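Counting in the working numbering, the sequence shown runs from 45 upward without gaps.
Warning: the hint list may mix true and false statements.
No farther apart than 25 Å at their CA atoms in a straight line, the calculated lysine to aspartate or glutamate pairs in the DMTMM-like style are these [said to hold, decoys possible]:
#1 155 - 143
#2 81 - 128
#3 124 - 111
#4 54 - 150
#5 58 - 48
#6 115 - 126
#7 115 - 92
#8 115 - 129
#9 60 - 50
#10 155 - 65
#11 81 - 129
#12 146 - 133
#13 100 - 110
#14 58 - 150
#15 115 - 103
#16 140 - 121
#17 155 - 57
#18 58 - 157
Label-pair restraints from in silico Cβ distances [said to hold, decoys possible]:
#19 60 - 97: 50 to 58 Å
#20 64 - 129: 27 to 35 Å
#21 55 - 119: 54 to 62 Å
#22 81 - 116: 22 to 30 Å
To be clear, the hints were calculated from the coordinates, so they are not data collected in a lab.
Bear in mind that the values here come from a model prediction, so they are computed numbers and not experimental data.
The beta-carbon is built from N, C-alpha and C at its ideal position, and this holds for glycine as well.
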Amino acid sequence: MYSDIEELMKEIEKFKSNINESGQLCNILINMYEQLKSTNESFNSRYEQFFAEIAKVNENLNNQSEDMIQKHLQIVEKQKADIEEKYSEFVSNFSKALDVNKAQQDAFEKKAEVIIERLNNLEIEALLKEIKKVNLKVSLLFGGVGIAIIIAVISLF
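Put together the whole structure using the sequences plus the hints.
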């Protein structure tokens, strides 16, 4: 199914990432649902209060003026507009969070691909040979410096 372990590990990491993101998305959706439910309950409560007040207004219509009715309608309309604005803002923020999350996931996947590619292209044997060559050169250099110091010390006497 997979040609090598790196591909399998890559798929496993991608799967883990998707699981984490799904969990985060579920939490965001649950929070969104709770906020909508709370907002809806608040709106319904205010809506019922409004109609209760309208019923009182109807009972006392002869004593009430048109201005009072308009005032209540304006309050309800304002509350409705506020709720709709908050809902729109929430949806906008939610959408932005999803976009940021997707961008972060894409960036992480690109970085992981680069690292895996570098690891796949790394030639361990060639690297060890180069390290041994450098070690030999350093040893010869220190040996030459040591001999020069001995000669300098001897020439002082």
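Here's how the hints hold up against the structure:
| no. | hint | verdict |
| --- | --- | --- |
| 1 | 155 - 143 | holds, 18 Å |
| 2 | 81 - 128 | holds, 13 Å |
| 3 | 124 - 111 | holds, 20 Å |
| 4 | 54 - 150 | holds, 14 Å |
| 5 | 58 - 48 | holds, 16 Å |
| 6 | 115 - 126 | holds, 16 Å |
| 7 | 115 - 92 | holds, 16 Å |
| 8 | 115 - 129 | holds, 21 Å |
| 9 | 60 - 50 | holds, 15 Å |
| 10 | 155 - 65 | holds, 18 Å |
| 11 | 81 - 129 | holds, 16 Å |
| 12 | 146 - 133 | holds, 20 Å |
| 13 | 100 - 110 | holds, 14 Å |
| 14 | 58 - 150 | holds, 11 Å |
| 15 | 115 - 103 | holds, 17 Å |
| 16 | 140 - 121 | violated, 28 Å |
| 17 | 155 - 57 | holds, 13 Å |
| 18 | 58 - 157 | holds, 11 Å |
| 19 | 60 - 97: 50 to 58 Å | holds, 55 Å |
| 20 | 64 - 129: 27 to 35 Å | holds, 32 Å |
| 21 | 55 - 119: 54 to 62 Å | holds, 57 Å |
| 22 | 81 - 116: 22 to 30 Å | holds, 25 Å |
Violated hint for the displayed structure: number 16, the only one.
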